Amino acid sequence: MDVSVFCFLASYLCAFGLECRRLYHRTGLTRACVLLFAAAGLVAHTLYLWNRHAQTGLPPLMSSTHDWVLVLAWMAILVYLFLLVADRQLAIGVFLLPLVLALVGLAYLVSREPTQIVRDTPEMREVAGRAWAMLHATLLVFGIAAAIFGLVLSLMYLVQHHRLRHKHARNEGLILPNLERLARLNNWAVVLSVPLLTLGLLTGVVLGWLARKGSESLSFSDPVVVGSAVAWLVLVAFFVWFAGTPARRTSGRQVAWLTVMAFGFLLVTLIGLQVLTGHLGNSWHAATEGGWSRSHEEASTLAEARAGGRIDVIARPAMPQLAQREARRS
Amino acid sequence: MKLQVVSCSHRVAALDVREKLAFSTDEQLARAYQLLKLSFPGSESVLVSTCNRVEVYTAQEDAEHPPGRDEIARFFSDFHHVPLEIFVGDLLSQSGPEAVRHLFSVVSSVDSMVLGEPQIVNQVKEAYRIAQEHDACGPLTNMLFHRAIEVSKRVRTETRLSEGRVSIASVAVGDFGQSIFDRFDDKTVLVIGAGEMAEETLRYLKDAGVGQIVVVNRTPDRAVELAAAWGGAARPWDELDRWLAAADVIVSTTGAERPIVDAARFAKVRAETGIRPVFILDLGAPRDFDPAVGAVDDSVFLYDIDDLEKTCAENRRLRSRELEKAQRIIDEATETFMQEVYYRATGPAIARLREEWHDIRQQELDVLYQKLPHLEARDRAAIERSIERIINKLLHPPLKALKDEAREGPPHGLLEALKRLFLRE
Chain A
4 MDVSVFCFLA SYLCAFGLEC RRLYHRTGLT RACVLLFAAA GLVAHTLYLW
54 NRHAQTGLPP LMSSTHDWVL VLAWMAILVY LFLLVADRQL AIGVFLLPLV
104 LALVGLAYLV SREPTQIVRD TPEMREVAGR AWAMLHATLL VFGIAAAIFG
154 LVLSLMYLVQ HHRLRHKHAR NEGLILPNLE RLARLNNWAV VLSVPLLTLG
204 LLTGVVLGWL ARKGSESLSF SDPVVVGSAV AWLVLVAFFV WFAGTPARRT
254 SGRQVAWLTV MAFGFLLVTL IGLQVLTGHL GNSWHAATEG GWSRSHEEAS
304 TLAEARAGGR IDVIARPAMP QLAQREARRS
Chain B
11 MKLQVVSCSH RVAALDVREK LAFSTDEQLA RAYQLLKLSF PGSESVLVST
61 CNRVEVYTAQ EDAEHPPGRD EIARFFSDFH HVPLEIFVGD LLSQSGPEAV
111 RHLFSVVSSV DSMVLGEPQI VNQVKEAYRI AQEHDACGPL TNMLFHRAIE
161 VSKRVRTETR LSEGRVSIAS VAVGDFGQSI FDRFDDKTVL VIGAGEMAEE
211 TLRYLKDAGV GQIVVVNRTP DRAVELAAAW GGAARPWDEL DRWLAAADVI
261 VSTTGAERPI VDAARFAKVR AETGIRPVFI LDLGAPRDFD PAVGAVDDSV
311 FLYDIDDLEK TCAENRRLRS RELEKAQRII DEATETFMQE VYYRATGPAI
361 ARLREEWHDI RQQELDVLYQ KLPHLEARDR AAIERSIERI INKLLHPPLK
411 ALKDEAREGP PHGLLEALKR LFLRE
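Just so you know, the sequences run in chain order A and B.
Numbering-wise (this note's numbering), the first sequence opens with residue 4 and increments by one.
Numbering-wise (this note's numbering), the second sequence opens with residue 11 and increments by one.
Just so you know, the hints here were simulated from the structure itself, not pulled from any lab data.
Owing to the predicted nature of the structure, the values given are computational and were not obtained by experimental measurement.
For every residue, glycine included, the Cβ atom is placed at its ideal position computed from N, Cα and C.
Some hints here could point you the wrong way.
Unchecked claim - Calculated cross-link-like contacts (lysine-lysine; reagent style BS3-like; alpha-carbon spacing at most 27 Å): (1) B:K216 x A:K170; (2) B:K320 x A:K170; (3) B:K12 x B:K320; (4) B:K47 x B:K135; (5) B:K278 x A:K170; (6) B:K410 x B:K12; (7) B:K320 x B:K216.
To be verified - From the derived model, a few chain A residues whose C-beta atoms are all more than 12 Å from chain B: (8) A134; (9) P198; (10) A246; (11) V263.
Unchecked claim - Covered by chain A, according to a simulated footprint, are these stretches of chain B (three or more residues, beta-carbon under 8 Å): (12) 14-25; (13) 273-285; (14) 384-393.
Let the hints inform the model, and build the full structure from the sequences given.
The following block contains the structure:
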């Protein structure tokens with residue numbers, strides 16, 4: 004079935020609109036409609052990812068930034084639907100759906116083409132099929148998902164805190180969990196996201212090292228690697244403060260603000276880098292011209308060229324870097 | 011068919027009158043049903059007795075002698091040995107659709123002192139169960155009370171009449187306390203003073219599962235009494251600062267003329283305990299906590315009686331907005347119920363009509379079969395089916411007319427005409 008990004012973007016947009024309406028007019032029908040739109044969106048989203056997998060022959064987490072971002076949004080929607088079914092009152096949609104919409108919208112901006120690291124080097128194409136590459140992408144996506152939930156929980160904490168400090172009772176529309184529960188869940192999000200992202204970066208280093216064995220030009224000064232490392236350092240600094248400061252010295256509100264800032268910075272940096280890598284020719288996370296159909300063909304040609312000791316056939320205008328690299332090697 | 015209710019409720023009677031007429035024990039109710047059966051034989055009855063109302067619902071298939079307001083008043087008087095003049099002016103009598111509407115309003119909590127309170131439906135269910143136990147119900151009251159419970163469910167699901175808390179203590183614990191804390195069983199509650207409001211708040215906190223309760227009061231005796239009633243501990247007044255530091259929830263209801271805790275004192279306490287959430291309910295008037303205490307740090311959640319009353323008023327306003335919707339449901343249900351009752355009243359006449367016509371049919375068929383003995387069983391069955399269809403077709407217009415007429419009220423005229431036109435004397 005042919006499904007476009009717009010199909011589920013529109014569904015999520017409708018679900019978000021209805022979630023906003025639920026703030027003022029809470030009925031069973033509105034909730035049912037929210038469920039319907041979100042579930043329809045999820046089905047379309049799943050079909051789209053499946054179709055992409057069928058086209059590229061790789062898991063969506065590894066095929067392109069576009070697919071990777073959509074997997075992240077897909078996970079968030081899955082959790083959202085679970086919470087929507089489990090708790091009839093909870094108003095998580097107004098916090099989570101904008102982030103999902105932003106991620107799906109971002110999928111339009113980032114490249115649908117394979118990243119250079121996967122596309123250009125036969126070694127990487129082999130590695131990509133292996134556990135390391137999958138582990139790298141999975142750990143990062145779970146780490147970022149935990150960061151997204153930490154961000155959402157902290158925002159909910161701040162809204163609830165503001166409401167209670169200003170002596171507004173539980174609003175009939177915006178029903179949020181209590182502060183104690185939000186703080187506890189936020190702690191879990193922080194405790195999960197930092198190790199996951201750390202392991203994700205470490206597996207990335209291993210992956211890079213494996214790639215360098217076959218391609219000398221892969222450098223750890225890649226802008227995506229450097230940017231991610233900086234975001235990770237900020238997160239680790241926050242984590243050290245979070246774990247090291249006695250609970251009696253910090254208020255829940257302070258923790259929530261710092262979580263919003265740390266996770267916000269992390270998401271903006273990582274997502275910003277994903278957008279920028281589309282235009283950064285010197286990053287191995289960047290996408291290249293040409294699609295998967297050409298990429299497969301080119302990769303085979305490369306392998307043949309290397310085996311036969313001739314490289315001239317791949318010196319195409321669309322792939323100057325690759326040609327130069329292979330020329331150096333030969 | 012007749013339905014009546016004689017009631018003495020919070021709308022017309024003071025508590026001291028209602029108390030005198032109440033049926034508070036099972037034994038009293040058993041005796042009351044005995045007396046009702048003796049006084050009004052052939053009448054179905056259900057007694058509803060709560061702190062806000064005492065009501066007697068009666069119904070009869072034969073409407074010759076329905077017990078009216080005076081008879082029920084005499085029943086109250088005889089049973090409770092209370093002179094009539096003390097309460098007779100506070101009795102309200104309704105019959106027919108008005109009685110039905112009244113029960114539907116009562117059970118839907120539209121007639122309650124606290125609009126939308128949820129207890130009344132269980133109280134009515136219990137009253138109906140007890141009436142059934144004493145064989146006091148019949149077809150009409152069964153139909154009426156079953157329908158009333160359905161109506162209350164409809165009002166609860168289709169309106170927001172029961173949403174939002176409306177008492178200070180319930181708003182304090184339910185709306186604010188439970189928005190701060192996930193659980194109360196690991197929390198320490200400090201009660202300063204021992205007023206009524208503190209006791210009511212403790213009831214809600216206890217329902218929420220609160221762990222440790224400490225009562226600090228200038229008068230130790232009252233503190234000991236309150237602590238014993240709620241499974242807590244009484245502590246001397248000079249330990250106040252220590253318990254201010256230990257408490258997660260503070261409920262204060264002293265009669266002090268000036269605040270007993272100011273910002274400086276509380277800041278000193280917080281310096282020892284650290285920044286953890288503390289929920290302070292200042293229910294004293296004048297206030298026991300200086301409003302500046304709320305600004306000591308951002309984990310102090312301080313609410314005074316005005317803050318809570320504002321929420322109560324808002325919730326009451328929201329409930330009132332739903333009242334019209336609830337009334338519409340009740341009116342609609344009353345109308346449907348009465349149509350069913352009126353139509354049901356035509357049941358015996360319709361049954362008689364069907365019976366007579368079927369007798370005629372059978373007589374004519376017997377004559378026909380004697381004349382045509384050669385008819386086979388299959389032919390006889392076909393003839394019987396045809397005649398049955400004719401009878402049904404002939405009966406359809408008058409029955410439909412009866413049903414239509416029952417929408418407007420008891421179809422006495424039409425019923426009489428049907429009897430005269432179609433029934434043999």
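Verification of the supplied hints:
| no. | hint | result |
| --- | --- | --- |
| 1 | B:K216 x A:K170 | 23 Å, holds |
| 2 | B:K320 x A:K170 | 9 Å, holds |
| 3 | B:K12 x B:K320 | 46 Å, violated |
| 4 | B:K47 x B:K135 | 21 Å, holds |
| 5 | B:K278 x A:K170 | 24 Å, holds |
| 6 | B:K410 x B:K12 | 23 Å, holds |
| 7 | B:K320 x B:K216 | 24 Å, holds |
| 8 | A134 | 39 Å, holds |
| 9 | P198 | 25 Å, holds |
| 10 | A246 | 17 Å, holds |
| 11 | V263 | 15 Å, holds |
| 12 | 14-25 | violated (count 0) |
| 13 | 273-285 | holds (count 3) |
| 14 | 384-393 | violated (count 0) |
The structure is inconsistent with the numbered hints 3, 12, 14, although it conforms to all the rest.
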